[in-house]
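2 protein chains.
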Amino acid sequence: MTSELEDKSLRYRRAQSVTKAEEITAKENKARSLQFDKPLHKPRDSLFSWSSQFTNFTGLVNWGFLMLSIGGLRLFLENILKYGIRVNPLEWIIVLTGYNDGNKHQYPSIILLIFSVVPAVTSLLIEKAIAVDIISEKIGIGCQITNILFVITLPVVVLYYKGPEFSFVGISTVCMIYLIIFLKLWSYTQTNHWCRSGMKGKQAKNKLRRQSLSAPNWNKLIHAEHEQSFDEDKNDAIAAARLVKYPDNLNLKDLFYFLLAPTLCYELNFPRTTRIRKRFLVKRLLEVIFGVHLVLALFQQWMIPSVTNSVDPFTDMDPIKITERLLKLSVPNHLIWLFFFYLCFHSFLNLMGELLHFADRKFYADWWNANNISVFWSTWNLPVHMWAVRHVYIPITQMGYSKVAASTVVFFISAFFHEYLVSVPLQMFRIWAFLGMMVQPPLAVISRWAEIRLGARWGNIMVWASLILGQPLAIMMYYHDYAIAHFKPIQE
Amino acid sequence: MTSELEDKSLRYRRAQSVTKAEEITAKENKARSLQFDKPLHKPRDSLFSWSSQFTNFTGLVNWGFLMLSIGGLRLFLENILKYGIRVNPLEWIIVLTGYNDGNKHQYPSIILLIFSVVPAVTSLLIEKAIAVDIISEKIGIGCQITNILFVITLPVVVLYYKGPEFSFVGISTVCMIYLIIFLKLWSYTQTNHWCRSGMKGKQAKNKLRRQSLSAPNWNKLIHAEHEQSFDEDKNDAIAAARLVKYPDNLNLKDLFYFLLAPTLCYELNFPRTTRIRKRFLVKRLLEVIFGVHLVLALFQQWMIPSVTNSVDPFTDMDPIKITERLLKLSVPNHLIWLFFFYLCFHSFLNLMGELLHFADRKFYADWWNANNISVFWSTWNLPVHMWAVRHVYIPITQMGYSKVAASTVVFFISAFFHEYLVSVPLQMFRIWAFLGMMVQPPLAVISRWAEIRLGARWGNIMVWASLILGQPLAIMMYYHDYAIAHFKPIQE
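First to last, the protein sequences are chains S and W.
Position 305 of the first sequence, counted from 1, bears residue number 305 in the UniProt record's numbering, the numbering being contiguous throughout.
Position 451 of the second sequence, counted from 1, bears residue number 451 in the UniProt record's numbering, the numbering being contiguous throughout.
Hints listed in this document are in silico derivations from the structure and should not be mistaken for laboratory results.
Quantities reported herein were computed from a predicted structural model and do not represent experimental measurements.
Each residue gets a CB set at the ideal place from its N, CA and C atoms; glycine is no exception.
Each hint can be trusted.
Covered stretches of chain S, going by a simulated chain W footprint (3 or more residues, C-beta under 8 Å):
| no. | region |
| --- | --- |
| 1 | 30-44 |
| 2 | 57-64 |
| 3 | 74-84 |
Can you make the complete structure from the sequences, with help from the hints?
What follows is the structure, given as structure tokens:
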């Protein structure tokens, strides 16, 4: 206690002496400035000293982006010097159309793409049959499940028997389109089912309300639109009356609109725009055309040499070389992914939306600001995210299961489809893509921890790091196995 | 006029129809949400569309720094794989001390460094002689000018006769130290001259005031400090009385304090700190020790191979290869420069300042935020900047010349000393460094234009670009000429 008091008095005296010292210093400075030696030194701290409390380092952001540009430009020049110009648009035409591709022609891919209309129309016919009570609800749902399972297995089966006739780009396109149709038909079936259950539920529970909402009443209100002044309620009623109602939606035009629309979630009444903005349309179209060429050029010039060079270090299992290759590959891979993201999710989907008067253009949220992996996965691909929430997550939780169980199911479905999109075209059933998805939940926990403990910035950095480094790792794994399997004699 | 009105009414009608459309949309959305198909689409814009007015891209800053780190790590690994570990601390000892350096031993450098005391003491003796009227002011100034010209020419002359006995590091150190002594003695002489002129001017003009400031009065006031209560004026007077006044400053202790102090501008009364902060001192000391090793390691491992590899492209004059080499060299060069800057201007000068109780630690301002080249040059090296302003710029403008003339003179002196520090140790009188300084004024004009026209960010980017790319260009020029001159037989 005594020592504490002493300590306090000592500190007080010190503080006083400091103040006195400062006062004397101020006086001295005043006196110094009256001398003839033109003094210019003042007691000051260096900016990097904590005591200076200086924090303006905004110039360093410009420095960072400049260093990045310089690094990128150098990599570009190094690439040109090392490999020459490898971009060959003729090859793209061959790859994209399959023309002149030796014994691998694209006909099976094109036939499969055209055939994808069949399961879609089948789905509509089954819905129609349920709606007009030709088949029962239970049998109808059984047919629909068989139909969508058929959609997802067809590419696998065809590839098994006719594999050598497909090109890699051809079968990749087929897998992607069939997966999208699978998701869309799932949504179509389930939404129509909801409409039927909703209407039945209403009929059973609320006879009075059903009466007031029945078709004749609506017709009367529509007539009212042309007759007299509107009040608020009537306005509402008219708006509701304009909407398509089940089962009027079960027609080919509605189905094909949904299949082409930039969404995976079916609705009876999509929000619509009133006009097509021509400047917007032309911009998106030009972005798609130039973007595809840019991505193909980057792929041919930068990605393929990097991946090819990465096989040997992986076979040798030299950790430093593997890391160096991984880091080298991560730059072109990440840039191509960024271009690809913009191309698909902004240019292409907006183009489709504008053409189809589809008003909901939120195809992505601000995933670049995501502070943990979970936020990233729920913001970067909104069509799939919205589909998973509406058609898997919410139904499972409403069935009484926990949120964790619902999340796990969503996760496994997502992991399965990632593997589907990679393994089927490569005809190699490895589990790298599946494993890549499976490490996401632990990563999400770690990044959430980083966000809370180290601050939002570190969470965001973890998200970017997993994105920049995770993809090339998976690509190298696959390419390594692919090269071992296909080029073994050439390599030795 | 009519068309304008029409245009207006058209716009008004359009705006009205948009509002009406929005109103209907809102009603429709409300009606849609009452349907059974669980709709989730809303009319929304994509975030990248201008119409979304979304501007939060903070995550991209983290992305930039992460990409930079990944690029840096890859360069590090690539370097290790390509060249192995080249860091050899034994070599540093040889280079720094000259021990075991074959026929090149460091004795002449060390003798020259010790000899630098002689011109400093000579300068003090001349000042003393002027102060006690042994020699006239005019002759004294003549002697001082001869003395400082001797300081700056001595290394050149010694090197001319004894060149082969010097190591590169030895002669570089000698040149740097002699240049610093040259600048310090210039300041010492000029400041003492100001004191004499000031006092003479006062004696002539204001006899009354001189009386009240004469030494006996000051002594009385000092006694007063111990006798009675102080009032404001007396406090001021005491502070002034504590100051050293000309010619009491002309002694060896004062001279050596100035020679060691981290400043180039002489003053009779430097601001002083009251104590040495031990933690601060230890931190700066450790920074200096580790920093020197880091810079040497980077130099040996990264810089020397890059520079060596750059000779051939320069000889071949292949523009793509030259650019690639330049960009490759710019990264290690810039990082070494940044470390060197911190090491010299923060760690070392603060260490000296702390040891000498020197209170003015503003050795640099926030040059990293500089929005044009002129601001950069007046903020990155404050000791030299303050010297140039106090001892060249202001005297020239006070002599009646324009500011442009004064700036030009400062510039030429600066360019000359840059060339001096490079050409003398390399024993090659090229003009690359001089030219490098000479392009600064046009660059300053361009960056000022960029700042005003394109915004502060672009000015700052120009400053960084000139810093990152300008230095390696000059280094490659010199190394190319040096290699041509010295290694011709080995190269062929």
